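Add chains B, C and D to chain A, keeping to what the hints say.
Protein chains in written order, with our numbering: chain A, 80 to 346; chain B, 80 to 346; chain C, 80 to 346; chain D, 80 to 346.
Since the hints were derived computationally from the structure, they do not count as laboratory data.
Any given hint could turn out to be false.
It does not matter which identical chain is used: a pair holds within one copy or between any two.
[As the list claims (entries may be wrong)] Mimicking PhoX-like on lysine-lysine, the simulated pairs with C-alpha atoms at most 20 Å apart in a straight line are:
#: 1; residue 1: LYS134; residue 2: LYS232
#: 2; residue 1: LYS248; residue 2: LYS161
#: 3; residue 1: LYS147; residue 2: LYS232
#: 4; residue 1: LYS248; residue 2: LYS147
#: 5; residue 1: LYS277; residue 2: LYS94
#: 6; residue 1: LYS277; residue 2: LYS134
#: 7; residue 1: LYS94; residue 2: LYS232
#: 8; residue 1: LYS108; residue 2: LYS135
#: 9; residue 1: LYS161; residue 2: LYS108
Since the model is a prediction, treat every value here as computed from it, not as a measurement.
Number of protein chains: 4
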Amino acid sequence: MEREPSENMNAEVIKEGDYVVLYIEAGKKHLVKVTRGREFHTHRGYIKLSDLIGKKYGDYVISNVGSKFYLLKPTPEDYVMKVERVTQIIYPKDIGLIILRSGVGPGSIVVEAGTGSGALTGALAYYVRPHGRVYSYEIRKEFLERARRNLEKLGLINYVVLKHKDITKGIDERYVDAVILDLATPWLVVGHAHEALKGGGAFVSFSPTIDQVIRTVEELRKYPFVDITVSEIFLRNYKVKRGETRPETFMVGHTGYVVFARKVNEF
Amino acid sequence: MEREPSENMNAEVIKEGDYVVLYIEAGKKHLVKVTRGREFHTHRGYIKLSDLIGKKYGDYVISNVGSKFYLLKPTPEDYVMKVERVTQIIYPKDIGLIILRSGVGPGSIVVEAGTGSGALTGALAYYVRPHGRVYSYEIRKEFLERARRNLEKLGLINYVVLKHKDITKGIDERYVDAVILDLATPWLVVGHAHEALKGGGAFVSFSPTIDQVIRTVEELRKYPFVDITVSEIFLRNYKVKRGETRPETFMVGHTGYVVFARKVNEF
Amino acid sequence: MEREPSENMNAEVIKEGDYVVLYIEAGKKHLVKVTRGREFHTHRGYIKLSDLIGKKYGDYVISNVGSKFYLLKPTPEDYVMKVERVTQIIYPKDIGLIILRSGVGPGSIVVEAGTGSGALTGALAYYVRPHGRVYSYEIRKEFLERARRNLEKLGLINYVVLKHKDITKGIDERYVDAVILDLATPWLVVGHAHEALKGGGAFVSFSPTIDQVIRTVEELRKYPFVDITVSEIFLRNYKVKRGETRPETFMVGHTGYVVFARKVNEF
Amino acid sequence: MEREPSENMNAEVIKEGDYVVLYIEAGKKHLVKVTRGREFHTHRGYIKLSDLIGKKYGDYVISNVGSKFYLLKPTPEDYVMKVERVTQIIYPKDIGLIILRSGVGPGSIVVEAGTGSGALTGALAYYVRPHGRVYSYEIRKEFLERARRNLEKLGLINYVVLKHKDITKGIDERYVDAVILDLATPWLVVGHAHEALKGGGAFVSFSPTIDQVIRTVEELRKYPFVDITVSEIFLRNYKVKRGETRPETFMVGHTGYVVFARKVNEF
Numbered sequence: 080m081e082r083e084p085s086e087n088m089n090a091e092v093i094k095e096g097d098y099v100v101l102y103i104e105a106g107k108k109h110l111v112k113v114t115r116g117r118e119f120h121t122h123r124g125y126i127k128l129s130d131l132i133g134k135k136y137g138d139y140v141i142s143n144v145g146s147k148f149y150l151l152k153p154t155p156e157d158y159v160m161k162v163e164r165v166t167q168i169i170y171p172k173d174i175g176l177i178i179l180r181s182g183v184g185p186g187s188i189v190v191e192a193g194t195g196s197g198a199l200t201g202a203l204a205y206y207v208r209p210h211g212r213v214y215s216y217e218i219r220k221e222f223l224e225r226a227r228r229n230l231e232k233l234g235l236i237n238y239v240v241l242k243h244k245d246i247t248k249g250i251d252e253r254y255v256d257a258v259i260l261d262l263a264t265p266w267l268v269v270g271h272a273h274e275a276l277k278g279g280g281a282f283v284s285f286s287p288t289i290d291q292v293i294r295t296v297e298e299l300r301k302y303p304f305v306d307i308t309v310s311e312i313f314l315r316n317y318k319v320k321r322g323e324t325r326p327e328t329f330m331v332g333h334t335g336y337v338v339f340a341r342k343v344n345e346f
Numbered sequence: 080m081e082r083e084p085s086e087n088m089n090a091e092v093i094k095e096g097d098y099v100v101l102y103i104e105a106g107k108k109h110l111v112k113v114t115r116g117r118e119f120h121t122h123r124g125y126i127k128l129s130d131l132i133g134k135k136y137g138d139y140v141i142s143n144v145g146s147k148f149y150l151l152k153p154t155p156e157d158y159v160m161k162v163e164r165v166t167q168i169i170y171p172k173d174i175g176l177i178i179l180r181s182g183v184g185p186g187s188i189v190v191e192a193g194t195g196s197g198a199l200t201g202a203l204a205y206y207v208r209p210h211g212r213v214y215s216y217e218i219r220k221e222f223l224e225r226a227r228r229n230l231e232k233l234g235l236i237n238y239v240v241l242k243h244k245d246i247t248k249g250i251d252e253r254y255v256d257a258v259i260l261d262l263a264t265p266w267l268v269v270g271h272a273h274e275a276l277k278g279g280g281a282f283v284s285f286s287p288t289i290d291q292v293i294r295t296v297e298e299l300r301k302y303p304f305v306d307i308t309v310s311e312i313f314l315r316n317y318k319v320k321r322g323e324t325r326p327e328t329f330m331v332g333h334t335g336y337v338v339f340a341r342k343v344n345e346f
Numbered sequence: 080m081e082r083e084p085s086e087n088m089n090a091e092v093i094k095e096g097d098y099v100v101l102y103i104e105a106g107k108k109h110l111v112k113v114t115r116g117r118e119f120h121t122h123r124g125y126i127k128l129s130d131l132i133g134k135k136y137g138d139y140v141i142s143n144v145g146s147k148f149y150l151l152k153p154t155p156e157d158y159v160m161k162v163e164r165v166t167q168i169i170y171p172k173d174i175g176l177i178i179l180r181s182g183v184g185p186g187s188i189v190v191e192a193g194t195g196s197g198a199l200t201g202a203l204a205y206y207v208r209p210h211g212r213v214y215s216y217e218i219r220k221e222f223l224e225r226a227r228r229n230l231e232k233l234g235l236i237n238y239v240v241l242k243h244k245d246i247t248k249g250i251d252e253r254y255v256d257a258v259i260l261d262l263a264t265p266w267l268v269v270g271h272a273h274e275a276l277k278g279g280g281a282f283v284s285f286s287p288t289i290d291q292v293i294r295t296v297e298e299l300r301k302y303p304f305v306d307i308t309v310s311e312i313f314l315r316n317y318k319v320k321r322g323e324t325r326p327e328t329f330m331v332g333h334t335g336y337v338v339f340a341r342k343v344n345e346f
Numbered sequence: 080m081e082r083e084p085s086e087n088m089n090a091e092v093i094k095e096g097d098y099v100v101l102y103i104e105a106g107k108k109h110l111v112k113v114t115r116g117r118e119f120h121t122h123r124g125y126i127k128l129s130d131l132i133g134k135k136y137g138d139y140v141i142s143n144v145g146s147k148f149y150l151l152k153p154t155p156e157d158y159v160m161k162v163e164r165v166t167q168i169i170y171p172k173d174i175g176l177i178i179l180r181s182g183v184g185p186g187s188i189v190v191e192a193g194t195g196s197g198a199l200t201g202a203l204a205y206y207v208r209p210h211g212r213v214y215s216y217e218i219r220k221e222f223l224e225r226a227r228r229n230l231e232k233l234g235l236i237n238y239v240v241l242k243h244k245d246i247t248k249g250i251d252e253r254y255v256d257a258v259i260l261d262l263a264t265p266w267l268v269v270g271h272a273h274e275a276l277k278g279g280g281a282f283v284s285f286s287p288t289i290d291q292v293i294r295t296v297e298e299l300r301k302y303p304f305v306d307i308t309v310s311e312i313f314l315r316n317y318k319v320k321r322g323e324t325r326p327e328t329f330m331v332g333h334t335g336y337v338v339f340a341r342k343v344n345e346f
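Okay, chain A solo, but in the shape it has when bound:
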């Protein structure tokens, strides 16, 4: 089976400049860039990052104190959780629902705002490969620069168009598959989203407060949108060991609500 160069996410041998997840025995994970002349220090000792070059994913290297650091290829979950974040709210559990429900997949044309640290942008870019695009709007220049660096590192920048623009003023693209919002005032984008979306396209907004949800849903009802739904997702992890199996004591109880709607051409 041949694969396109654009699908080089599947390459197997680690080379300089790659991003690698280090899984350390006790269960901690770190996202590192393979750079010659650099060391990576942890509570389990340090490794030289150049030692990763030529290894394969699934191999390990041994730190100066004898701990094994396993080398894993980053998943979209790793991008979202480990990318240097300027804001922190959306989690893999939420993005998973957004992806499934919106239909964003290979070839999709997606408008997204705000870019923030690029964590959600990167996850969307991962799924629209190789022929889709993510148009990502952000008003804060410094965020845009950091997101660009993050997306370059992840090898996903080719699938993203970063735009230094205020999406509440309008959307340039037309006939897009989905508009996905993680910003403070999603209701100000509802009208623009209706214009930008193709028939049946998905509007999605993610908001931490119920007040944002109410304002957004009220605005959606003014336009030809159907199938308006509001959901929240909880994720609980378990410790599994025969005789001691139980959910973990602490969990994230809230990240945000997901509002979802589909554009129709007229009421």
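Quick look at chains B, C and D alone, frame taken from chain A:
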């Protein structure tokens, strides 16, 4: 931006043989195949399915009693929830997490079992397009035939290889990105999955009972797997209306637990 | 150990007029009044209610088709779930938290509104026995009559003063331990509650919508109340059987939010 | 309305030796014993505890740096959360359900084990007042002593009989209303509980692991117990402010499972 023929999920004009979601005013959704000479009857009257031909997604048709039926393109969530199901457990909330955490995306090579009705198979196929493949194992011949029909309808059969084989006896493929299991005895597949996966590849199993989870995790610990996690996902929907906003009274409290691990080459 | 007549909830031999929970083999429970000359019919056959007289709690009677009907004394949970209800929202999970957090217990003086079917009233009365009182306000005369009948049946009427009054117009009692509200407009009672409560006394309101919660909390902040908290409670049941243990598929996802505050004498 | 001396939980003027909850402006609560010659230091300055004597609940005192410390009477929730704990698992949310479902109330005779720090013991004692009793078993002498001190402080020791005995070896009491277990091996007590309970009496066990639940339920099924249920309770708190209302980010995701059953006299 040109798109490949394999990305024809993005076609806009409805033609004979397409699958369309009918969104009926009161909020009900139906998945129908556009077939000449057929009517589709609901509590809101009926339509002739041939009337959909030539319409665009986002348009509506009007039933014999005057109700609007909006025409939407099915999303992976629609496939999962609306496909004729022989078994019923895995939900979009679960598949979303599986997709994000496993790294299954465009170009991925995935082994899956059991095929069942093909709902999960179809969702996976949606994301590996256009160059990836899903190898789906099933021991019950009649399920395999139904799954094939479902996947053909959805236009996803080209990305799937259906195999009439018992995965607990072995996996033919090698160097695969992920092995994803929704069957009664996932622990019997752990060893085979380790052989089949490439370094860093993802093992995922979905199980309704905690006993299945314990047995699977115990088996995973016998092989070089790291980052073993067990999670469950809850989804709660809201009714949103100013002055009356509240979660829905009833929810699905349990579908199953998701076990996740990554293969390393040796301990 | 001697017990007071007022604690006759603890009597052991069933007599005419008692309320008894019938636990039927398959797991269904019914609350019945022991009445001579009456039969009680179920999908597992029928029994004559007079046959219960002289039996002890924990015994069983056998229906005409051979099923065992076990005789259990009603708990507060049974009152809440099985009393003939005119409204349905508050559940034992919620009342449990209210009881623990408000400090309502033996000897407490409690003001409650609205009475509704008397389900919450009865639960409160159960805990304030034998020397406390529940003053219960209700504006709909027909509800009050039904609640009176329910509370008489349960043997709890002596601990309750039913009042045909609009609590949003004022509270007659002073120096009460708790004001507990399950009505549409709790914010209209906040000022009256502050007057009625003793220092440190508990304000509690239970509301299905988030909008009611916001209005109530805003009103509480205008008066000397501290320790204002808002909580919701989820309850999930399990099916337990070795090899098949799992949560139940369906659960109640929402009943209401509990707002709680404590009166202080001045800011 | 006269009240019994045993109901002096309702006294209003603070005196030496009383336990008082200090509610400090920023939202923190502390449980303190009013002791002459002692100061209580916080991040908001300190107060002399003798200054509380003669104040009424609901009043405040002012710290040396000008912060208000409100004086509240402890509720059962405060006992459970603020008592010096040697073990930490059961929460008010769980105890609330246990109380409602077991029927423990004024006059109840309850057997409990293990005593631990006496937090659950105290909550049960609060509700069985004034004529009921809690017989509390504990095998570790040092825990028993600490529990005694805690219960004396709370004014609840008169309703409790502390027993330095291993409940897995047998229960001395008979005809009790409820047996409530928070210990590592509840299944070893099931048979003894059946002997000790009166007909219809409640068996309750609280366990953090699912394995304990399975073993306990299996044992319950060997004896004449009916209405066996297993539940877990989640509690989520909200931040409420118009325009910013949302659940709190972090929550306790698991404390334990509650197993419940009712004794019948024979199968």
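We went through each hint and held it up to the structure:
In this assembly of identical chains, LYS134 and LYS232 lie within 20 Å of each other by CA distance solely inside one copy; the values are 19 Å within and 43 Å between copies. Taking the shortest Cα distances, LYS248 and LYS161 never come within 20 Å of each other, neither inside one copy (32 Å) nor across copies (38 Å). When the C-alpha separation of LYS147 and LYS232 is checked against a cutoff of 20 Å, the pair qualifies neither within a copy, at 25 Å, nor between copies, at 48 Å. Proximity of LYS248 to LYS147 under the C-alpha cut-off of 20 Å is found in neither arrangement, the shortest distances being 51 Å within a copy and 32 Å between copies.
Taking the shortest alpha-carbon separations for LYS277 and LYS94, only the inter-copy value of 17 Å comes in at or below 20 Å, while the best intra-copy value is 41 Å. Proximity of LYS277 and LYS134 under a CA criterion of 20 Å is satisfied inter-copy only: 13 Å between copies versus 45 Å inside one chain copy. In this homomeric assembly, LYS94 and LYS232 come within 20 Å of each other (Cα to Cα) only inside a single copy, at 13 Å, whereas the closest approach across copies is 42 Å. Taking the shortest Cα distances, LYS108 and LYS135 sit within 20 Å of each other inside one copy (17 Å), while across copies they are farther apart (47 Å).
Taking the shortest alpha-carbon separations for LYS161 and LYS108, only the intra-copy value of 9 Å comes in at or below 20 Å, while the best inter-copy value is 36 Å.
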